[in-house]
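Asks: So the sequences go chain by chain: U and E. With full-length UniProt numbering applied, the first sequence corresponds to residues 1 to 196, in that order. With full-length UniProt numbering applied, the second sequence corresponds to residues 1 to 196, in that order.
Don't read these hints as lab results, they were simulated from the structure. The reader is advised that the hints may include incorrect statements.
Claimed, not checked - FRET-style restraints, in silico, Cβ to Cβ:
no.	chain 1	residue 1	chain 2	residue 2	range
1	U	P145	E	R40	52 to 62 Å
2	U	D83	E	E15	38 to 48 Å
3	E	A27	U	P82	50 to 60 Å
4	U	A108	E	A142	37 to 47 Å
5	E	A23	U	E137	32 to 42 Å
Since we're looking at a predicted model, the values are computed, not measured. Note that the Cβ used here is the ideal one computed from N, Cα and C, for glycine as well.
The chain contents come next:
2 protein chains.
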Amino acid sequence: MSPRGRPAGPSDARERILAAARAEFAAKGYDKASLRGIARVAEVDPSLVHHYFEGKEQVFVAAMRLPFDPADALPRILAGNPDGLGERVTRFFLGVWARPESREPFIALLSAATSSPAAAGMLREFVTGSLLARVAEASPIAGLPDRELRVEAAVAQLLGVALLRHVIGVEPIASAPEEDVVALIAPALQRHLSGE
Amino acid sequence: MSPRGRPAGPSDARERILAAARAEFAAKGYDKASLRGIARVAEVDPSLVHHYFEGKEQVFVAAMRLPFDPADALPRILAGNPDGLGERVTRFFLGVWARPESREPFIALLSAATSSPAAAGMLREFVTGSLLARVAEASPIAGLPDRELRVEAAVAQLLGVALLRHVIGVEPIASAPEEDVVALIAPALQRHLSGE
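Using the sequences and the accompanying hints, generate a full structural model.
Replies: See below:
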């Protein structure tokens, strides 16, 4: 039995912030949505949003139930031996998509993007600001004039693999062991990301 | 002004066959749908289906309004100098996606596949039977043990580019000249398809 009336505990405030964030991101896109606007819709003080979340990126990750925070995961993947970058990125990405509970938010976002320009815009702004910018500034491609296109070619390769493997379910890639997919895809990623 | 009652001209029969085909493919999947079953739903003689269409593949292409028939396009692309295969495939694919009227049926299929297992199954069976099988048997990879995975890695690369360029609309790839995308993607396709 739940108590009558609107519960007012801290987890309720957090949930109201996330519901407001989903509405604001959907209505305004990622770039134009603001923490202040989200607080207003959630009817909470803006300081409470900052209490729960570091910034807009973290609100988006939580609101869309994304399984990792790019601000946290990407620096770890991008650090280390440049020769192993393609393999590290491939393994991280395949690992995220291997678990149903972590791939489902991405499939939901993609599904929305294929049918709604507003959802496509929201996804585009988040991918550009949170993902592409960070990877494009990473060694070993930071100095290349076409570094952004190269990162997008790598993202395209991974996104297509995820679609064939987990959404369309085309064999043999849908059932192939992760090691076989790494052997196939990591060299392609390495070439895109190393400027070869 | 259109005449009253159900028109019975030849173009009407063709349209009824296509409507029946869409219903049958959606209900049974690509492999289990049959020309005989489609004729039954359309209430036409099976010979009429064969009069309009060469086979099930061509009914599917017309019913889904796909802008090319793999049985016709693929042999042309796969023939010729093996060193130029990656570039020919990339140019053909980018050309199809460049025109809104030819990419929209693919986006609709993809959108359906991300939200409906039945639609995903239909797309999977068509892609496997019509596309992957033909390309995997083509030189120069026909003899390789991992030829099907290699074709899928190539399809994944192209599909991901199409998503970033035309569905999510991520810059700079969304506005990049076709030549820049060919320069970026054709070498990756060539490596996947040549077994390098």
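Asks: Look at each hint and say if it fits the structure.
Replies: Comparing the hints with the structure gives:
Take P145/U and R40/E: their Cβ atoms lie about 60 Å apart, and the range 52 to 62 Å holds. Between D83/U and E15/E the beta carbons are some 58 Å apart, a value that contradicts the proposed interval 38 to 48 Å. A27/E and P82/U have their C-beta atoms about 51 Å apart, which keeps the hinted 50 to 60 Å range intact. Under the hint 37 to 47 Å, the C-beta atoms of A108/U and A142/E, about 39 Å apart, fit the expected range.
Take A23/E and E137/U: their Cβ atoms lie about 51 Å apart, and the range 32 to 42 Å is violated.
Checked against the numbered hints above, the structure breaks hints 2 and 5 and satisfies the rest.
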